[in-house]
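Build the full structure now, drawing on both the sequences and the hints.
The sequence shown runs 1 to 187 under our numbering.
Treat each hint with caution, since some may be false.
[What the hints assert, rightly or not] Here are the simulated lysine to aspartate or glutamate pairs, DMTMM-like style, with alpha carbons at most 25 angstroms apart: (1) Lys156 with Glu181; (2) Lys108 with Glu147; (3) Lys100 with Asp14; (4) Lys100 with Asp46; (5) Lys110 with Asp127; (6) Lys156 with Asp178; (7) Lys100 with Glu62; (8) Lys68 with Glu109; (9) Lys68 with Asp178; (10) Lys86 with Asp76; (11) Lys108 with Glu62; (12) Lys155 with Asp46.
[Unchecked claim] Distance ranges between label pairs, derived from CB positions: (13) Pro56 with Gly160: 33 to 39 angstroms; (14) Asp46 with Ser122: 20 to 26 angstroms; (15) Tyr153 with Ser122: 17 to 23 angstroms; (16) Lys68 with Gly141: 25 to 31 angstroms; (17) Ser92 with Glu121: 36 to 42 angstroms; (18) Arg71 with Lys100: 21 to 27 angstroms; (19) Asp72 with Arg162: 33 to 39 angstroms; (20) Pro94 with Leu165: 24 to 30 angstroms; (21) Ser97 with Arg21: 22 to 28 angstroms; (22) Pro143 with Tyr175: 25 to 31 angstroms; (23) Asp127 with Arg45: 19 to 25 angstroms; (24) Glu109 with Glu181: 22 to 28 angstroms; (25) Arg180 with Glu118: 19 to 25 angstroms; (26) Gly120 with Arg78: 31 to 37 angstroms.
Hints in this document: simulated from the structure, not taken from any laboratory. Glycine residues also receive a C-beta, built at the ideal position from the N, C-alpha and C atoms.
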Amino acid sequence: MREFILYSRTGRTDARFRSLREAGRLDVVYQCILMSLFMSHAIRRDVVFHALLGGPPSPPLELVVDGKDIRDVHIDERTWEDLLRKVLSGGSHPGISIRKNSLQQLVKEKSNIFVLEESGESIKTIDLGENPVFVLGDQVGLPKKDEEFVLRYGKKVSIGGRAYLASACVGIINYILDQRESFVKQD
Numbered sequence: 001m002r003e004f005i006l007y008s009r010t011g012r013t014d015a016r017f018r019s020l021r022e023a024g025r026l027d028v029v030y031q032c033i034l035m036s037l038f039m040s041h042a043i044r045r046d047v048v049f050h051a052l053l054g055g056p057p058s059p060p061l062e063l064v065v066d067g068k069d070i071r072d073v074h075i076d077e078r079t080w081e082d083l084l085r086k087v088l089s090g091g092s093h094p095g096i097s098i099r100k101n102s103l104q105q106l107v108k109e110k111s112n113i114f115v116l117e118e119s120g121e122s123i124k125t126i127d128l129g130e131n132p133v134f135v136l137g138d139q140v141g142l143p144k145k146d147e148e149f150v151l152r153y154g155k156k157v158s159i160g161g162r163a164y165l166a167s168a169c170v171g172i173i174n175y176i177l178d179q180r181e182s183f184v185k186q187d
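Structure representation (structure tokens):
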């Protein structure tokens, strides 16, 4: 099992938006959902994606997409725009839920936490243990006070010395973990 937590400072917390990009950059959330859960012709059933939405009108909200339970989805942006609008307006969809929650409360519920940061220890050289949880910021990054809070429960990890798009970070981490799992299976 692996989990991703995306802190979206501006992601709208209601369904009143024309497009994901105009909804406080919910397009970044959508892109991270794709990279965390979808493979070619398959869904990663061992992944849970969380987005903490901090935009108007009623933050914070936690969007949870559980690969184990998600059904009837496609990877196109229009499908996800409709799904996000549906759950943000109080509707439901298998594997997708919304709850009132903060980043701090969510982090307290988890263990084995890693915060993505360019200056962190290389992900290639550390033991990630069982069921790692990766925390990353949106296009703006984690607020300093939230990052400091999360680091009380976890440690900084880096996928490289450059800043990558949040969705690329998720894809790179999945690749690294997939490689580690395939080497374990070969032994």
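A quick look at each hint next to the structure:
1. Restraint check for Lys156 and Glu181: satisfied, since their Cα atoms lie roughly 22 angstroms apart, inside the 25 angstroms limit.
2. Our distance criterion of 25 angstroms between C-alpha atoms is met by Lys108 and Glu147, whose separation comes to about 13 angstroms.
3. Restraint check for Lys100 and Asp14: the C-alpha separation of about 12 angstroms stays at or below 25 angstroms, so the hint holds.
4. Distance hint between Lys100 and Asp46 is fulfilled; the C-alpha atoms sit about 24 angstroms from each other, no more than 25 angstroms.
5. For the given pair, Lys110 sits about 17 angstroms from Asp127 by alpha-carbon distance, which is consistent with the 25 angstroms threshold.
6. In summary, the hint linking Lys156 to Asp178 is supported, as the alpha carbons are separated by about 21 angstroms, within the 25 angstroms threshold.
7. In summary, the hint linking Lys100 to Glu62 is supported, as the alpha carbons are separated by about 6 angstroms, within the 25 angstroms threshold.
8. Among the hinted pairs, Lys68 with Glu109 is consistent with the structure: their alpha-carbon atoms are about 19 angstroms apart, no more than 25 angstroms.
9. Distance restraint check for Lys68 and Asp178: the Cα-Cα separation of roughly 17 angstroms lies within the 25 angstroms cut-off, and the hinted pair is therefore satisfied.
10. With a CA separation close to 16 angstroms, the supplied pair Lys86 and Asp76 stays within the 25 angstroms bound.
11. Taken as a hint, the Lys108 and Glu62 pair is honoured in the structure, with Cα atoms around 14 angstroms apart against an allowance of 25 angstroms.
12. A threshold of 25 angstroms between alpha carbons decides the hint, and for Lys155 with Asp46 the separation of about 22 angstroms falls inside it, so the pair holds.
13. In this structure the supplied range 33 to 39 angstroms holds for Pro56 paired with Gly160, their Cβ-Cβ distance being about 34 angstroms.
14. The beta-carbon spacing between Asp46 and Ser122, approximately 24 angstroms, falls within the hinted interval of 20 to 26 angstroms.
15. Against the hinted window of 17 to 23 angstroms, the Cβ-Cβ separation of Tyr153 and Ser122 comes to about 20 angstroms, which satisfies the hint.
16. As the Cβ distance of Lys68 to Gly141 is approximately 30 angstroms, the hint placing it in 25 to 31 angstroms holds.
17. Between Ser92 and Glu121 the C-beta distance comes to about 40 angstroms, which sits within the given range of 36 to 42 angstroms.
18. The supplied range of 21 to 27 angstroms is met by Arg71 and Lys100, whose beta-carbon atoms lie about 25 angstroms from each other.
19. At roughly 37 angstroms, the beta carbons of Asp72 and Arg162 sit within the given window of 33 to 39 angstroms.
20. Range check, Pro94 to Leu165: Cβ separation about 28 angstroms, and the 24 to 30 angstroms hint holds.
21. Separation of Ser97 from Arg21 is about 24 angstroms and conforms to the stated range, judged on CB atoms against 22 to 28 angstroms.
22. Pro143 and Tyr175 have their C-beta atoms about 28 angstroms apart, which keeps the hinted 25 to 31 angstroms range intact.
23. One distance hint, 19 to 25 angstroms for the beta-carbon pair Asp127 and Arg45, holds here, with the actual separation near 24 angstroms.
24. Checked against the hint of 22 to 28 angstroms, the pair Glu109 and Glu181 passes, with Cβ atoms roughly 25 angstroms apart.
25. Between Arg180 and Glu118 the C-beta distance comes to about 21 angstroms, which sits within the given range of 19 to 25 angstroms.
26. Taken as a hint, the range 31 to 37 angstroms holds for the pair Gly120 and Arg78, whose Cβ atoms sit roughly 36 angstroms apart.
The structure fails none of the hints (numbered hints given earlier).
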